[in-house]
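Put together the whole structure using the sequences plus the hints.
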Amino acid sequence: MLRWAIIWIIGAIALTGIFQYVISGWDLALWQYNIRMVAGGFFLIAFIVGGVLTTDQAYRQKKRSYYREDWSLICILVTIALFGISYFLS
1 MLRWAIIWII
11 GAIALTGIFQ
21 YVISGWDLAL
31 WQYNIRMVAG
41 GFFLIAFIVG
51 GVLTTDQAYR
61 QKKRSYYRED
71 WSLICILVTI
81 ALFGISYFLS
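In terms of my numbering, the sequence shown opens at residue 1 and continues consecutively.
To be clear, the hints were calculated from the coordinates, so they are not data collected in a lab. All figures in this text were calculated on a predicted structure; none of them were measured in a lab. Any given hint might turn out to be false.
Claimed, not checked - Across the chosen pairs, the derived CB separations fall in these ranges:
no.	residue 1	residue 2	range
1	Gly-50	Ile-7	11 to 21 Å
2	Leu-44	Gly-84	14 to 24 Å
3	Ile-85	Phe-47	16 to 26 Å
4	Phe-19	Leu-44	13 to 23 Å
5	Tyr-87	Trp-26	18 to 28 Å
Glycine residues also receive a C-beta, built at the ideal position from the N, C-alpha and C atoms.
Structure, rendered in structure tokens:
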């Protein structure tokens, strides 16, 4: 589970950095803002995965290796890490 969180963190930081550099050059304040926006998106995904998918039909389909609670926790870990990294960059 921690492996998935690290993969998503590295991917989010790399993608925001690449897109920000291509679009507007190198600006640290703008990169911090982009990281915070992506972190907010992961928080929204954590709410959706943890809340909407708790119906009985979704609960009965436990054939996957990771359950929705695991993915919700992964998204929360990514959110905390991204907000921490953006705070560290300031």
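Evaluated hints:
1. Hint check: Gly-50 to Ile-7, Cβ distance near 20 Å, so the stated range 11 to 21 Å holds.
2. Distance hint check: the CB atoms of Leu-44 and Gly-84 are about 18 Å apart, consistent with the given range 14 to 24 Å.
3. A hinted range of 16 to 26 Å for the beta carbons of Ile-85 and Phe-47 is consistent with their spacing of about 21 Å.
4. Evaluation of the 13 to 23 Å hint for Phe-19 and Leu-44 yields a pass: the beta carbon distance comes to about 19 Å.
5. Roughly 19 Å separates the CB atoms of Tyr-87 and Trp-26, a value that falls within the hinted 18 to 28 Å.
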